[in-house]
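Peer 1: Spelled out, the chains give:
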Amino acid sequence: GNSVTQMEGPVTLSEEAFLTINCTYTATGYPSLFWYVQYPGEGLQLLLKATKADDKGSNKGFEATYRKETTSFHLEKGSVQVSDSAVYFCALNTGNAGNMLTFGGGTRLMVKP
Amino acid sequence: GAVVSQHPSRVICKSGTSVKIECRSLDFQATTMFWYRQFPKKSLMLMATSNEGSKATYEQGVEKDKFLINHASLTLSTLTVTSAHPEDSSFYICSARLGIAGFYNEQFFGPGTRLTVL
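So the protein sequences, as listed, match chains U and G.
By the count of our numbering, the first sequence reaches residue 136 at its end, each step adding exactly one.
By the count of our numbering, the second sequence reaches residue 229 at its end, each step adding exactly one.
Keep in mind that a hint or two might mislead.
[Unchecked claim] From the structure, some residues in chain U lie toward chain G, with a derived Cβ separation under 8 Å:
#1 Gly24
#2 Gly101
#3 Phe112
#4 Met123
[Unchecked claim] Some chain U residues well away from chain G (every beta-carbon gap over 12 Å; in silico):
#5 Pro33
#6 Thr35
#7 Glu38
#8 Leu42
#9 Gln61
#10 Leu69
#11 Glu86
#12 Ser95
#13 Glu99
#14 Gln104
#15 Asp107
#16 Ser108
#17 Phe126
#18 Gly129
#19 Val134
Since the hints were made in silico from the structure, they are not lab data.
Even glycine gets a Cβ: it sits at the ideal position worked out from N, Cα and C.
Take the sequences, apply the hints, and build the full model.
Peer 2: Below is the structure:
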């Protein structure tokens with residue numbers, strides 16, 4: 024079956040620090056990969072996505088590259104801000120079973136000024 | 112575009128009562144909507160997949176009679192928590208998928224409903 028594994032948080036960084044949140048996956052077929060962000064008290068927002076190997080998704084300074092050889096989709100940002108404090112979820116779908124998303128456990132990021 | 116709303120955003124109810132949560136796609140038609148439950152500091156757990164005009168498909172371990180899902184139109188799905196108990200307290204999130212099933216169709220998430228059962 025499909026599964027997504029993320030590094031456990033919380034991750035605490037100072038403002039302007041470099042961020043990496045690791046995500047690896049197992050899937051049948053050729054999944055699309057996603058990063059979602061959840062701000063306190065809110066639902067999920069799509070942050071970025073990649074639909075095939077070697078694609079790079081990017082948005083708001085965040086990037087992630089679909090690495091088929093390592094089955095990874097690590098999230099990176101060169102300089103985090105306090106406003107980036109949130110929970111980040113890595114997810115995949117394979118287009119099967121009604122296009123269901125499989126989520127990782129989430130990683131809480133706390134950025135201190 | 113592709114906005115999903117939920118109502119209410121927060122609800123507190125007494126044990127034994129029923130609570131209805133609405134999920135609406137505001138500017139698109141959603142043939143499929145998904146209902147998730149999120150426990151504190153945990154990931155999202157898919158509860159059920161709701162297709163317009165047909166019965167919902169529930170995930171293993173989710174009680175159909177307790178979590179009633181109705182998807183009566185292409186823009187509205189409802190989740191009713193029947194005879195709620197404190198253990199049902201959680202954050203419930205819906206998502207909606209655009210139009211025709213396809214590999215790259217994206218899910219758009221609602222802002223969530225926090226249910227507290229006293």
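Peer 1: Each hint should be assessed against the structure and marked as holding or not.
Peer 2: Status of each hint after checking the structure:
1. At a threshold of 8 Å, the smallest CB-CB gap from U:Gly24 to chain G is about 12 Å, leaving the interface hint violated.
2. The closest approach between the C-beta of U:Gly101 and any C-beta of chain G is roughly 26 Å, which is over the 8 Å cut-off, so the hint fails.
3. The restraint placing U:Phe112 at the interface with chain G holds, with a minimum CB-CB distance near 7 Å, inside the 8 Å limit.
4. Below 8 Å, beta-carbon pairs count as interface contacts, and U:Met123 has one with chain G at about 6 Å; its hint therefore holds.
5. The claim that U:Pro33 lies off the interface is violated: its Cβ sits roughly 9 Å from the closest Cβ of chain G, which falls inside the 12 Å cut-off.
6. Interface exclusion of U:Thr35 from chain G stands, the closest Cβ pair being 15 Å apart, more than 12 Å.
7. The claim that U:Glu38 lies off the interface holds: its Cβ sits roughly 24 Å from the closest Cβ of chain G, which is beyond the 12 Å cut-off.
8. The beta carbon of U:Leu42 is kept farther than 12 Å from every beta carbon of chain G, the shortest such distance being approximately 20 Å.
9. At roughly 9 Å, the least C-beta separation between U:Gln61 and chain G is not larger than 12 Å, which violates its mark as non-interface.
10. With a cut of 12 Å on Cβ distances, U:Leu69 falls inside the contact zone with chain G, its closest approach being about 7 Å.
11. With a least CB separation of 19 Å from chain G, U:Glu86 remains clear of the 12 Å interface cut-off, as annotated.
12. Against chain G, the non-interface label of U:Ser95 holds: every CB pair exceeds 12 Å, the least being about 18 Å.
13. Here U:Glu99 stays apart from chain G, with its beta-carbon at least about 21 Å from theirs, past the 12 Å limit.
14. Listed as outside the interface, U:Gln104 is consistent with that label: its C-beta sits roughly 22 Å from the nearest C-beta of chain G, beyond the 12 Å cut-off.
15. With a least CB separation of 18 Å from chain G, U:Asp107 remains clear of the 12 Å interface cut-off, as annotated.
16. Remark: the non-interface label on U:Ser108 is consistent with the geometry, its nearest Cβ contact in chain G lying 14 Å away (cut-off 12 Å).
17. Not every CB of chain G is more than 12 Å from the CB of U:Phe126 (nearest about 5 Å), against its label as outside the interface.
18. The claim that U:Gly129 lies off the interface is violated: its Cβ sits roughly 5 Å from the closest Cβ of chain G, which falls inside the 12 Å cut-off.
19. Remark: the non-interface label on U:Val134 is consistent with the geometry, its nearest Cβ contact in chain G lying 18 Å away (cut-off 12 Å).
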